[in-house]
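Peer 1: Now for the letters of each chain:
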Amino acid sequence: MTFVDRYPKSTRIIKAAFAVAFGALAIGGFFGLIQALHRTDVFRGFISSVQYYDVLTGHGVLLALVFTTFFILGLFQWGVSRSFDREPENMTFTWFWYGMTLVGTLMTTVAILGGLIPNSSISAAVLYTFYPPLQAHPLFYIGAALLVVGSWLAGADWFWSYRKWRAEHPEARIPLQAYMTIFTMLMWYICSLGVALEVVVLLIPWSMGWVTKIDPLLPRTLFWYFGHAVVYFWLLPAYFVWYTILPKLSGGRLFSDPLARIVFIFFLLLSTPIGYHHQYADPGISIGYKMWALIATLVILLPSLMTAFTVISSMEHGARQRGGSGYFAWMGALPWDRPAFAGCALAGIMFAAGGFSGMINASLNIDMLIHNTAWIPGHFHLTVGTASALTFMAITYWLLPQLTGRALKFKKLALAQPYLWFIGMTLMSNALHRQGLAGVPRRTAEPQYSGFSYDPPFGTMAEMDWQVAIGGTILFIALLAFLAVIGASWSKSETTEAAIDDTIPPPLSGPEHSPKILDNIGLWTAVAVVLVIIAYTVPLYEMVADGLFSPGAFPSPM
Amino acid sequence: MHIHKFEKIWIGASLGLIAAFIGIVLFGFTVLEMKVPGLENEKTIDPTNLAATPFADPGIRKVGPNHYEVYMVARQFLFMPGTGIPLTLPADTRITFRVTSPDVLHGLEVVGTNLNATVIPGQITTFTTIFPEPKSYGLICHEYCGPAHHTMAGMINIVPKSEFDESTLVSP
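Chains A and B, in that order, give the protein sequences.
Under this note's numbering, the first sequence is numbered contiguously, ending at residue 558.
Under this note's numbering, the second sequence is numbered contiguously, ending at residue 730.
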């Protein structure tokens, strides 16, 4: 009996969520290829430089918001059903939040793609960050709001399951996967309130023309209140996989359940009050609050470094169970020939590199060297674009058989895929980082200027451009490989009698070794809210004090 | 609860690393004077009416014996001054930039340096620097500001202090 037999209703919603996620991944990934070729001037035949910004908006929204959100909805639904041993409480409600999220996604996508159709009155080339007074069609904002609210209702569905389970098990510790889901969603509620306020109170009335002017700083600040925590909304599900599934895939067990809980508490507390670190170069925000963001951002390194320890030591434990030995030689005993393991492990290695460039970004005045340069996409293609995205793809190789009851197909292609992704990302990301050091800007169709040239610390611009273009092409090939494997395995052609691997052994050190206060959801939420209030009340008050829409700039339709 | 000895060492080392990073930034901030733009004493201004502000007359002003201020307007799709005719400034002299925008967000990056800022309508971005020696720098907008964003660029020419022509100054 695998997952699909035990929870058929849950399985249908998970597959529906994954279908949207992978559809968005396909389109958004193709847009990424176009960009890599266009901005390096290798091939500019697909689009004009003006359309580049429509494509860039689509790439950001479809991958960073739609792919991630839908995959996470599916993954967490799987974790919650499995942990609590329950189907969703009311399938009408479950399909309602799914439908709302999907409708929002479609509206936003239509607004973005409208910009690529000549003479259409709908467009939204405002990029993933949609800073006003650049103005998109109202469909873009309304769709984004529905997407966020849909994800809130999904969380409510899981809290509903939690309450039912708790009533039946008043003394039990929350199962780890459900615990991680709950803490991630609490963090998501707190942080997405910022973007919801921005969109609903400020941007929708303004895009409808009910108010004429907009204050550019206030919505930008609300965006970044949400905009860094959303990064953890993408990353924590990858941690969920690394903590609870990867140790087993390595051949062993999780090292410590209590420390995993502490790590998630850290993320709930510290994810949101650090948003100013995206605004280090902004006027209108005092240095004191930037300093606070600096310190909190660097402290949030701690749970990530703790994760590095736990994940690696769990992998070492697994390798030694498989006969590995020596200080480093045990790594050879890991199952590098299994796509789910290889993808998660390679994603983890990339994440370490992304973590180091992130420390530079966090460091206030050092960040000025690379702020808004190609370094930044170099960084987040390692964190979100690999740590999250590659982990999501790799774990799908392990999850999908549980959802279909059939073995994975094209196993060799599946095994090649994470390695291809790793190679493509190594080329593209190292070149982007180095271009950033030379001052090449991000978010531009043509970073080549007449009158002056860049002076790279080492290497040449031409060599880095080729690495970006070749790396982007390899990434796209890896994406096609993933889609081919999943597409073939999803179809109903043949069944397998072989047992599906879906068990997860208990951790070496279980929750019984930790104080019950770690499971106190109300307490940790309250502390998180207080930290947000400390960080944001005064600066937001200063921005609102002169009027919600003042100082006001006129819209600039895109 | 039990925490493994190696994990305790790892957490300790992590905290040490974090403390060192915070220390490095504070050292740069205080001793090396590596500051970032922030909330200066200026109030917000009306971006739809720059004519009523000092930005009506962008350019270089002298504010002290060895200190100039540059009032710069970043707008779709040029820097004033900077685009077209390069902005010429003296080397080894304290320069304070004050930058604003009448339309949308822009970026301001002096290529190859750590002069890097966001320009926001209604706000004034202020930062101070000293260019040590004569050199030419590219000036680019690195925040997406509209369809021709990739054309928004300018130049800053740093000349020896003795060659700086004060007749180009804007009177305060």
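Don't read these hints as lab results, they were simulated from the structure.
Predicted model only: the values in this text are computed from it and were never measured.
All C-beta atoms, glycine included, are put in the ideal place defined by N, C-alpha and C.
Be aware that a few hints might be false.
[Unchecked claim] Pairwise CB distance ranges, derived in the manner of DEER restraints: (1) B:ALA571 x A:PRO118: 39 to 45 Å; (2) A:PHE554 x B:GLU691: 41 to 47 Å; (3) B:GLU691 x A:ARG320: 36 to 42 Å.
[As the list claims (entries may be wrong)] Listed below are the simulated SDA-like cross-link pairs for lysine to any residue, each with C-alpha atoms no more than 20 Å apart in a straight line: (4) B:LYS719 x B:LYS563; (5) B:LYS593 x A:ILE262; (6) B:LYS601 x A:ILE295; (7) B:LYS566 x A:PHE309; (8) A:LYS15 x A:ILE27; (9) A:LYS411 x A:SER313; (10) B:LYS563 x A:ARG253; (11) B:LYS693 x A:LEU369; (12) B:LYS601 x A:LYS516; (13) B:LYS601 x A:ALA308; (14) B:LYS593 x A:ILE295; (15) B:LYS566 x A:ALA308; (16) B:LYS693 x B:ALA706; (17) A:LYS248 x A:LEU369; (18) B:LYS593 x B:ILE688; (19) B:LYS601 x A:LEU548; (20) B:LYS563 x A:ILE295; (21) A:LYS248 x A:TRP330; (22) B:LYS593 x A:SER286; (23) A:LYS412 x A:TRP336; (24) B:LYS601 x A:ASP337; (25) B:LYS563 x A:PHE549; (26) B:LYS563 x A:ALA196; (27) B:LYS601 x A:PHE549; (28) B:LYS566 x A:SER313; (29) B:LYS601 x A:ILE27; (30) B:LYS593 x A:ASP337; (31) B:LYS693 x B:ILE643; (32) B:LYS601 x A:LEU369; (33) B:LYS601 x A:SER286; (34) B:LYS563 x B:ILE603; (35) B:LYS563 x A:ILE262; (36) B:LYS693 x A:TYR454; (37) B:LYS593 x B:THR654; (38) A:LYS516 x A:LYS15; (39) B:LYS693 x A:ASP455; (40) A:LYS516 x A:ILE262.
Peer 1: If you draw a straight line from the CA of LYS601 of chain B to the CA of ILE295 of chain A, is it 20 Å or shorter?
Peer 2: violated, 28 Å
Peer 1: Against the 20 Å threshold, does the CA-CA distance of LYS411 of chain A and SER313 of chain A hold or violate the hint?
Peer 2: violated, 28 Å
Peer 1: Going straight from one Cα to the other, do LYS593 of chain B and ILE262 of chain A come out at no more than 20 Å?
Peer 2: With a Cα-Cα distance of about 35 Å, the restraint between LYS593 of chain B and ILE262 of chain A is violated, given a limit of 20 Å.
Peer 1: Holds or violated: are the alpha carbons of LYS248 of chain A and TRP330 of chain A at most 20 Å from each other?
Peer 2: holds, 16 Å
Peer 1: Does the alpha-carbon distance linking LYS563 of chain B and ILE295 of chain A stay inside the 20 Å limit?
Peer 2: violated, 27 Å
Peer 1: LYS601 of chain B and PHE549 of chain A: Cα distance at most 20 Å?
Peer 2: With Cα atoms ~16 Å apart, LYS601 of chain B and PHE549 of chain A stay inside 20 Å; holds.
Peer 1: Would you mind confirming whether the straight-line C-alpha gap from LYS412 of chain A to TRP336 of chain A stays at or under 20 Å?
Peer 2: Given that 20 Å is the threshold and the Cα spacing comes to 12 Å, the pair holds.
Peer 1: Hey, LYS601 of chain B versus SER286 of chain A, does the alpha-carbon distance stay inside 20 Å?
Peer 2: Distance of about 13 Å is within 20 Å: holds.
Peer 1: Under the criterion that the straight-line Cα-Cα distance not exceed 20 Å, is the pair LYS593 of chain B, THR654 of chain B satisfied?
Peer 2: holds, 12 Å
Peer 1: Does LYS693 of chain B pair with ASP455 of chain A here, judged by a C-alpha cut-off of 20 Å?
Peer 2: Holds: LYS693 of chain B and ASP455 of chain A sit about 13 Å apart, inside 20 Å.
Peer 1: Next pair to validate is LYS593 of chain B with ASP337 of chain A; report whether the Cα-Cα distance is within 20 Å.
Peer 2: Violated, at about 50 Å.
Peer 1: LYS563 of chain B and PHE549 of chain A were given as a pair; does the straight-line alpha-carbon distance stay at or below 20 Å?
Peer 2: Roughly 55 Å separates the two Cα atoms, so the pair is violated.
Consistency note: the structure conflicts with the earlier hints numbered 1, 3, 4, 5, 6, 9, 12, 13, 16, 17, 20, 24, 25, 26, 29, 30, 32, 34, 38.
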